[in-house]
Every structure is written in C-alpha cells, then in structure tokens.
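**Q** My request is simple: use the sequences and hints to build the entire structure.
Single-letter residue listing:
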Amino acid sequence: MTHPPYLYPGYKSTVLRAPARELVMPKLGPDSVELTSPVFGHQELGRLDADLTKQHAGEPMGERIIVTGRVLDASGRPVRGTLVEIWQANACGRYVHLGDQHPAPLDPNFTGAGRCLTDDEGRYRFVTIKPGAYPWRNHPNAWRPAHIHFSVFGTAFTQRLVTQMYFPGDPLFAYDPMMLSIPEQEHRDLLVARLDMDTTEPEWALGYQWDIVLGDTPMED
Amino acid sequence: MPDNGLLPTPSQTVGPFFHYALPYAGGPEVVPAWRPEAITVRGRVLDGAGAPVGDALVEIWQADGTGAVPARPGGYKRAGHGFSGFGRCETDAAGAYWFSTLKPAGIGAGAPYIAVLVFARGLLKPVRTRLYFPEDAAAHGTDPLLAEVPADRRGTLIAEREEDGAYRFDVRLQGERETVFFAI
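Protein sequences, first through last, are from chains D and S.
Using the numbering used here, the letters of the first sequence map in sequence onto residues 1 to 221.
Using the numbering used here, the letters of the second sequence map in sequence onto residues 1 to 184.
Simulated from the structure, these hints should not be mistaken for lab results.
You can take every hint at face value.
Stretches of chain D that chain S covers, calculated by requiring three or more beta carbons in the stretch to come under 8 angstroms of a beta carbon on chain S: (1) 24-32; (2) 157-165.
Partial pick of chain D residues on the chain S-facing surface, computed with a CB cut under 8 angstroms: (3) T2; (4) P38; (5) H187; (6) V213.
Here a beta-carbon is modelled for each residue, glycine too, at the ideal position from N, C-alpha and C.
**A** Here's what the structure looks like:
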C-alpha cells in the first residue's frame, strides 16, 4: 500500500482526526454501489475550466506551465472520461481563500481552480502557473513545497482519490510532513511530476508530466 | 497485484483551502428539496475531542428508489427533475453538512444505504463509511457488509430519525462511538 497512515503525528491535525479503531475490511469487498462511480459530462464543464491562465480579464503573474498526464487503473488501462479537479496557490504562494491570510499578494487574474475530463487515452491537461511555496503553522518555520491539489473520480467510488502533485527537486520535500507521511521514499516519488521537454512549448510554457494510478478496480464480471 | 505492478498514487489530505474549488452550486441537492419524495440527510463531523470538524468535505453516492445507480452524466448540473446519485457538501463552522436526496432501495440481499466519503484537513486519506436507515432493521439482518461489522459498533452506521423527518448521521472520526470506517 502506497498511502500514508491516518495517524502521522508530525502532521498535527491528524492527532484528533485519525480513526483509532481498526477499519472493517469486508471479506468480499464492496458489493454494489461502491463498485460504480458518478459520471460527469462535457456539458457540465466550462470552456475555460482547464486553462487557469484565461479565467480573468488579464494574465496571471508567474511562470506559465502545462501540467498533463494520464489517469490509469492499476493494470495500466486508461481511465476515460473521468473528472479531474485541481486547485492551487498563486505564484506567490497565496490561496484565494479567507483562511489564507499570510502576507503574500493575491493576484486579481488568478483563482487557481480548474476541471477537465480525461480523453480516450485517459489524458488530462491543464494550463496554469507554477504555484509558490507557502508557510503554515504546523510547527515553527513550516513551509509547504509548491504543489497542486488533485481530485480524481475513476470508475468506482472505491477509487476516489484526492492527492497533491509536487515539482521535481524541491528542497522543501525533506521538511514536509505531508510528503514524509508516506512511509516509502519510492512511493513519495510517485507524487513528483517530471519536467518534459516534449510537453514544453517553445517561447510559451514549461511542460510537466504526471500520471495518476488509481487503486485496484474491484472485481469485474 | 496486477501483472505489471503499477503502484497506486498515494493519497494526500484535501487540506484547508478546497472551498473555492470543490463545492459547487446545488452540490448537496442530489434531488431538489421540493420533490415530494425527497428526504433530508444531515449531521456533523466530529473529531476525537468531540469538537466540530469545520473544514471537512462530505460526498455521498447512492442508488435511487428502485435500486438503480445512475450511469449517465449529471453529477454537477442536473435538471430539476434529475437524480444524480452524487452529492457534495462542505461542513460549516459547526461541523454540519446536509443533503437533499432520495431514499435508495436495497440491491440484492443488501439493505438500503448511502455510501459516504469524508475528506478533511488532518485526514491523509478519506474515511469511507455507509449510512443505513433506522426503519430497515429487518433488512440489516441480511446485509452482507453489516454482517462483518462487530454488533456493538453497527449502531454508528444507522441514521437517527429526527422530529422533522430528516435523517441524522454524525460521523465521529475518533473516540467514543467512533464511526465504523471501511477498508474498501
């Protein structure tokens, strides 16, 4: 299992929120509703939902990037037409959220929320700006490495995944309880995107590739 | 394990800043509340000290009144008559959430239930549970999943009927009467 445990005291908010009892693991797995997933359609999304640099009158400040990759199941098959939602801080590390009041500027041209559906190859693609690192109050001098939050549905409710994508070589990894909550280094690396010159567009935007693998699809007929 | 051994992408917390991205208009209305057969589900998410979890995101997924699970698009935008089967509601400062939905029918030998997922700051991965209905006590006896839950903890999965007819389902993440969570 690649997931972090519920309880990781280095991330203080887990202490009172992590379930303490053992999870119930049904011998036969889920039997009905959880084997399926909500389905979303193109008509439910906005035209500019996947380009976070075009959602306002002007262009956001920061380093323009393309973030793309495939959503796959554990057997490597593409997960088609599934909803991918993202949210992130702006280039200065500030979120458009009342709960983020640290003294970094907001950008009137950047909200930082996007959505898209994967295509027939399971591919998602966003244009955005590279988010900044930001401080939080977990411990003295705590800073989150730059990241983009991802929410993915998949083909079964059991596959529902919310996670974070990081950028390669960030020196803050070694200090980040979120990253360190994942026990194995090899598994932490699964959250780090790869700079890809084939995705990069000359004179325009750096490109990053990051594939998302959803847990085992429950037994199929 | 699959043959080619692809490792699942690890989960990370939803964090405290999802509110401008994930909730959407009508998210808690799986069906409009004016529908005569609509039911209200409400409750609170509480931490191990009994304090409200004011920054959780609750999602539900369920069958309709005939036991059919929606297989067509409509999770975000549904016509007034539509039933999406999916609902999303952020908790307020009191830890409270609500949904307007339909009472599902049971499927096969199972009792009627609503699948519930809770995300929150401090949850490195979501908790997964189920809401069962108090009036279905007979069906609970034959439900294959409830059968695997220790008898003294089954009550945490059964909603309570309130005076106004709504179903109350509190999610206790930890501590006394901790809700049963599933590894599914």
